[in-house]
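Please construct the entire structure, taking both the sequences and the accompanying hints into account.
Just so you know, the protein sequences line up as chains L and V, in that order. According to numbering that gives the first Met the number 0, the first sequence is numbered sequentially starting from 0. According to numbering that gives the first Met the number 0, the second sequence is numbered sequentially starting from 0.
It is worth saying that the hints were derived from the structure and are not from the lab. Treat the numbers as computed from the prediction; the structure is a model and nothing was measured. A hint or two may mislead.
To be verified - Taking lysine-lysine pairs in the DSS-like style, the calculated list, with each CA pair at most 30 Å apart, reads:
hint, chain 1, residue 1, chain 2, residue 2
1, L, K154, V, K154
2, L, K154, V, K200
3, V, K200, V, K33
4, V, K154, L, K26
5, V, K76, L, K33
2 protein chains.
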Amino acid sequence: MTREELFEEIKKKRSFLCVGLDTDIDKVPSHLLKEEDPVFEFNKQIIDATKDLCIAYKPNIAFYECRGVVGWESLRKTLEYIPKEIFTIADAKRGDIGNTSLMYARTFFQPESSGLDFDSVTVAPYMGIDSVAPFLGFEGKWAIVLALTSNEGNKDFQYLETEDDFLFEKVITTSREWAGPDRLMYVVGATQPDAFADVRKLAPDHFLLVPGIGAQGGNLSEIAECGLNGQCGLIVNSSRGIIYASGAEDFADKARMQAKKLQEEMQHLLEKM
Amino acid sequence: MTREELFEEIKKKRSFLCVGLDTDIDKVPSHLLKEEDPVFEFNKQIIDATKDLCIAYKPNIAFYECRGVVGWESLRKTLEYIPKEIFTIADAKRGDIGNTSLMYARTFFQPESSGLDFDSVTVAPYMGIDSVAPFLGFEGKWAIVLALTSNEGNKDFQYLETEDDFLFEKVITTSREWAGPDRLMYVVGATQPDAFADVRKLAPDHFLLVPGIGAQGGNLSEIAECGLNGQCGLIVNSSRGIIYASGAEDFADKARMQAKKLQEEMQHLLEKM
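Listed below in structure tokens is the structure:
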């Protein structure tokens, strides 16, 4: 998917919401457990309930691979079920030496290899250019590099001071030379609004994938204020706040209500642009 | 597996060799392609040919997951086939926020969840303590944190200067507080012998997993000289140099010859200790 296509979808839906499909079998409502593939059935109903409100879905791969072959199959079916105009993110945080990163790129971008055909994958930067470059060689596909994550542990290394930058800033200034904003995005957590503004200065044109609103405490309007650019430039994710809004039979309706609330807030923020 | 058990195996076999099972279906000798699972058949013959010479096997997960369900199944069968006294490393370079890292830990450490039961997993440090901690909570299991990798891209971030350390040194000094050398190892590439000596000072008692000899150019005796400690403390990996020593029907014999050469060199180095 191109940047223009993504922006079109944002304008059409008046939303920059990503729904995180971090589907934990232990949290799937009990009435679904009799289904052949409860995780897929859960995702299917979440997708049906939210697909007109969001512009991206982001399955976190950990929740699928922890179930081995069964989980991998749920992931494949889920991805296949997502309408083609919606941007898909494999939240996998992969990265290895060059020849190995190429295998990871094939995992998520080459359906004839793995059965999966994501639009993008999240990538860990620690191993540097040759760990990221293989993800940049696929037409219409994106690498989303971890810059500043939303968790507590971001303090351990991402805020280390190097010459005149924090490490997370250095990750951006270095990696933005590897590919333009048509191939590369950054993960920037919503939990640190001040740092968010600094990131936007370093990457004015890039889309930023923003985790951390909802369960992790980030604030949407603060993020929009410093993060929106001429093509929106934000994909804001909510996982637990939407998909686990209810643990009962009404989970899809409740998920829709939460997604709708965010979409309306986003519409309002986009209109102010 | 405990540190003592690993050291016993090293003494018994007079080897600290790890064989990297980075099995690329495109490089499997053609006579195996008629098998139901050519990757597993290849691994099985490599294991049969090397299991008395090595103390660890390290499948790189990228090579399996890029084939989807089929690859995952080859991995499960391969792991099951490895004799229990041999240390197993899931080279996965995972890491995510706490609740998600726990899912990755279950993937590799909890057979009732995923079908896999590795002794250890490689972990990327960028996201800090809560991304690594979940891997440290499993009895007898290990996290192997990326410190200094063997690839070219290590220059991009790992050598950044922070206060008085390079980033890779800071990763060690910070993370060695998270767990002792009974739970934590470090990945330290063989391609930078000077840095290797510095790492050993910061982590005198830890096992170091060392990629980068062979195809990537690292030198075994240089590494041994600065890296061996009282319990050996080294697990040196060779992947391509062993498993692709021949691309023909004699691949397993040739793999054994390469492994034997390294084991004999290691025996010599251990005797000098």
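Find the hints from earlier in the document that the structure breaks and name them by number, from lowest to highest. 3 and 4
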